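Chemist: Could you build all of it, start to finish, from the sequences and the hints given here?
Protein chains: 2
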Amino acid sequence: MSTKRIHNFNAGPAALPLPVLEEIQASFLNFNGSGMSITEVSHRSKWFDDVINDAVVRIRRLLNMDETYHVLFLQGGASLQFAMIPMNLLRDGESADYVNTGTWATKAIQEAQLLGKSVRVAASSEDRNFCYIPDHIHFDSNAVYAHITSNNTIKGTQWPIYPDTHSVPLTADMSSDFMSRPFDVKPFGLIYAGAQKNIGPAGVCVVIIRDDMLKRASGNIPTMLKYTTHASKNSMYNTPPCFGVYTIQLVMKWLEESIGGLKAMDAINCKKASCLYSVIDASSFYKGTADKNSRSLMNVTFRLPSEELEKKFVQEALMENMGGLKGHRSVGGCRASIYNATTLESVQTLADFMKTFERKNG
Amino acid sequence: MSTKRIHNFNAGPAALPLPVLEEIQASFLNFNGSGMSITEVSHRSKWFDDVINDAVVRIRRLLNMDETYHVLFLQGGASLQFAMIPMNLLRDGESADYVNTGTWATKAIQEAQLLGKSVRVAASSEDRNFCYIPDHIHFDSNAVYAHITSNNTIKGTQWPIYPDTHSVPLTADMSSDFMSRPFDVKPFGLIYAGAQKNIGPAGVCVVIIRDDMLKRASGNIPTMLKYTTHASKNSMYNTPPCFGVYTIQLVMKWLEESIGGLKAMDAINCKKASCLYSVIDASSFYKGTADKNSRSLMNVTFRLPSEELEKKFVQEALMENMGGLKGHRSVGGCRASIYNATTLESVQTLADFMKTFERKNG
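So the protein lines, in turn, are chains A and B.
Add 6 to a position in the first sequence, counting from 1, and you land on the number used in the working numbering.
Add 6 to a position in the second sequence, counting from 1, and you land on the number used in the working numbering.
Hints may be right or wrong, so weigh each one.
[Said to hold, decoys possible] Straight-line Cα separation of at most 27 Å, DSS-like style, residue types lysine-lysine; simulated pairs: (1) B/366 <-> A/239; (2) A/221 <-> B/113; (3) A/52 <-> B/318; (4) B/269 <-> B/298; (5) B/318 <-> A/232; (6) A/366 <-> A/318; (7) B/10 <-> B/52.
Since the hints were derived computationally from the structure, they do not count as laboratory data.
Just so it is clear, the structure is predicted and the values come from calculations on it, not from any experiment.
Modeler: Right, dumping it as C-alpha cells:
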C-alpha cells in the first residue's frame with residue numbers, strides 16, 4: 007500500500023495538519039505515559055482533564071475571549087445546534103432574525119420553524135442562488151439573536167466583515183471557517199462549529215456561548231440539549247467525544263505554536279485563496295461562482311465550460327494526487343476546499359494544474 | 007516515555023483490543039491507500055461507505071438479525087437515547103414500562119418524565135441499593151415498550167436472562183454489555199449502546215431499531231432526534247462520527263475473525279468473571295456488593311474491610327500496572343471492569359494481586 011499522502015481538497019471531513027496526525031499516531035498505544043490509548047483513558051482522569059482544559063484555554067486565548075464565554079464540546083454536529091439554539095434561547099413570544107445565505111442557513115431556519123419558534127428572515131441571497139452575502143441588512147432590535155452562517159461551504163461565499171447588529175447578539179454557524187482568521191468575539195452571543203473542517207475530526211462540535219445567552223434556557227428541554235447541562239460540567243455531563251476533543255487540542259496547539267496564531271493563519275489562508283482566485287480571474291475558461299466581494303477564503307467554487315470538462319478536470323487532478331475537487335452534489339461544478347490544514351504547497355500544485363489543464367483543454 | 011501498556015480495568019472509556027489499536031495506528035496517515043487519514047476522508051466517499059456498511063453487516067451477523075432491524079450510529083451517547091426513545095416511541099395517551107435497576111435506569115426514567123411522557127416503574131431494586139435484578143415482573147400488556155438496563159456498570163449487576171414481556175417490545179440500554187454475549191434479538195424493539203465500553207471509543211452510540219418501532223415517530227421532534235432521519239440515510243443525514251464508526255468496524259471484525267463470535271466471547275468473559283468472583287467468594291476479606299444470582303460478568307464490584315484498605319488496594323494495584331480499579335464515585339469501594347477487550351491474562355494478574363493483597367493485609 008502506498009504511503010504517499012494526497013493533496014486533500016475535501017470539503018469536510020477535511021485535511022488535518024500532518025504534525026497533528028503524526029503526534030496522534032505516535033502516542034496512539036500509550037497516551038502521555040498512561041499505558042493506554044487516548045481512546046481508552048477515562049474521561050474522569052487527570053489525563054483527559056489536562057486535554058480538555060488545555061483545549062478550552064487555547065481556544066479562549068486564540069480568540070481573545072474572557073471568562074464570560076463558555077467553551078463546550080458537544081455531539082450531533084452543527085445540525086443539532088440548528089435545534090438547540092432556538093430551543094434554548096427563544097422563549098414564547100420572542101423572535102430571532104436569520105440571514106439566509108445558503109443550504110445550511112436554510113436548514114437552520116427550517117429547524118427553528120419546525121420547533122414552532124418565531125423566526126424572521128432578515129435578508130436572503132436566494133434570488134441569485136446564494137452567490138453573494140447580503141449587506142445593508144436591517145435587524146429587528148427586539149430580536150433575541152441574529153443568526154448568520156459565516157462561510158457557506160457549498161456556495162463558496164463568506165462574510166467579508168460581520169454585520170453590525172447593534173445590541174442584538176450575533177449567533178453564527180462558523181463550521182467552515184472557525185479559527186481561520188481573527189475576529190472580534192464581543193458582538194457574538196453564541197458561536198458554533200462542527201469540527202470536521204478546520205479544527206478536528208467529525209463527531210465533535212465546538213459551541214461558544216456567552217453567560218447572558220446561557221441563562222436564557224428554560225422549560226422542558228431534553229437534558230442533553232440544554233447548554234447549561236454541559237456548561238456546568240465542563241462538557242462532561244456524560245462521556246464526551248474524547249478523541250475529537252484531543253484532536254482539537256492538538257490542532258489548537260499547532261495553531262498557536264507552529265502557525266503563530268490566527269493573524270498568521272489568516273495571512274497564509276489569504277495567500278492560498280489568492281493563488282487560486284488569480285488563476286480564475288485571469289482566465290475565461292474557469293468561472294468563479296461567487297460574487298468577488300463575497301467569495302470565500304475556504305471554499306473556492308468554480309465552473310468549467312462544460313460538465314464533461316469538469317468531470318475530466320476532477321479525474322485528471324485525482325491522477326495527479328489531488329483529491330476532493332468535485333463540487334457539492336447539490337450544485338455541481340468544482341470546489342477546492344482550502345482550510346487551515348491544506349498547505350500552500352498543495353494549493354500551488356493545484357493552481358499549476360489548473361493552468362496546464364486550461365492550456366490543454368481551453 | 008514508557009511504552010508499557012497497562013492492565014486496563016476502566017469502566018468506560020475502557021480497554022480496546024490491542025490488534026485494533028495497532029491497525030488504527032498503522033493506517034493513521036494513509037487509510038486503505040486513500041492518501042488520507044480516516045479522520046480526513048469524506049463521509050460521502052467509497053472509503054467510508056465501505057467502513058460503515060461493513061460495520062452494519064458485521065453487527066447484523068454477530069447478532070443474527072434480519073433486515074427488519076436498522077443499525078444506526080448516532081451521537082450524544084446513551085444519555086441522548088434516554089430522551090430520543092420516549093420522544094420517538096410514545097404518543098399522547100400511551101405509556102411505557104421501565105425497570106429501575108440503578109443509576110442509568112433512574113436517569114432514563116427521569117428523562118422520560120421530564121419530557122411529559124407517561125412511564126410506569128414496573129419493578130425496582132432500589133430497596134436494597136440496586137444490588138439485585140428484580141424477577142417475576144408484571145409488565146403492562148398495553149405498554150408501548152418495556153425498558154431495561156441490561157448491565158448496571160455502577161452497581162455491578164446484570165440480567166442473567168432477559169424478562170419475558172410477552173408481546174411488549176423490549177427496549178434495552180446495553181451500553182456496558184453489548185456484544186459481550188449472544189442473545190435472542192427477536193423480543194427487542196430497540197437496543198442502544200454507548201460504544202465506549204465494549205465496542206469502540208466515546209462519541210458514538212449504536213442504536214438498533216426494528217421497523218415497527220421506527221414507524222411510530224411522529225410530531226415535531228427535532229430532526230436530529232428522529233430515528234427516521236438517520237435510518238433513511240444510513241446514519242449519514244449529517245456527518246457521522248467517522249472515526250468512531252471505523253473503530254467499531256474494526257472491533258466487530260476482531261470479534262468475528264479473531265475471537266470467533268459472541269459465543270466464544272461469552273466463554274472468555276465467563277472465565278474472566280469467574281476468575282475474580284472465585285477469589286471474592288473464597289475470601290472474607292473481599293465482599294461482593296451484588297447478589298450472586300444478579301452479578302455482572304462485566305463489572306465486578308467489591309468492598310474491602312475499610313476505606314483505607316480500599317484506597318491502599320487501588321494505589322498498590324496501580325503500582326503493579328493495573329489501572330481503573332476505583333469504584334464509581336457515587337458508591338465507593340472497588341470495581342474491576344472486564345469488558346471484551348480486557349484479556350484473561352490481565353484478569354489473572356488482578357486475581358493474583360488480590361490474593362497477595364489479602365494475605366498481606368487480611
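Chemist: Each of the hints needs a verdict: does it hold here or not?
Modeler: Comparing the hints with the structure gives:
Taking the CA atoms of residue 366 of chain B and residue 239 of chain A, the gap is near 40 Å; set against the 27 Å cutoff, the hint is violated. For the given pair, residue 221 of chain A sits about 24 Å from residue 113 of chain B by alpha-carbon distance, which is consistent with the 27 Å threshold. For the suggested pair residue 52 of chain A and residue 318 of chain B, the alpha carbons sit about 19 Å apart, so the restraint of at most 27 Å is met. For the hint linking residue 269 of chain B to residue 298 of chain B, the alpha-carbon distance of about 22 Å falls within 27 Å, and the restraint holds.
For the given pair, residue 318 of chain B sits about 40 Å from residue 232 of chain A by alpha-carbon distance, which is inconsistent with the 27 Å threshold. Straight-line distance between C-alpha atoms of residue 366 of chain A and residue 318 of chain A comes to about 12 Å, which keeps the hinted pair within the 27 Å bound. Using a Cα cut-off of 27 Å, the hinted pair residue 10 of chain B and residue 52 of chain B is violated, with the two alpha carbons roughly 37 Å apart.
The structure is inconsistent with the numbered hints 1, 5, 7, although it conforms to all the rest.
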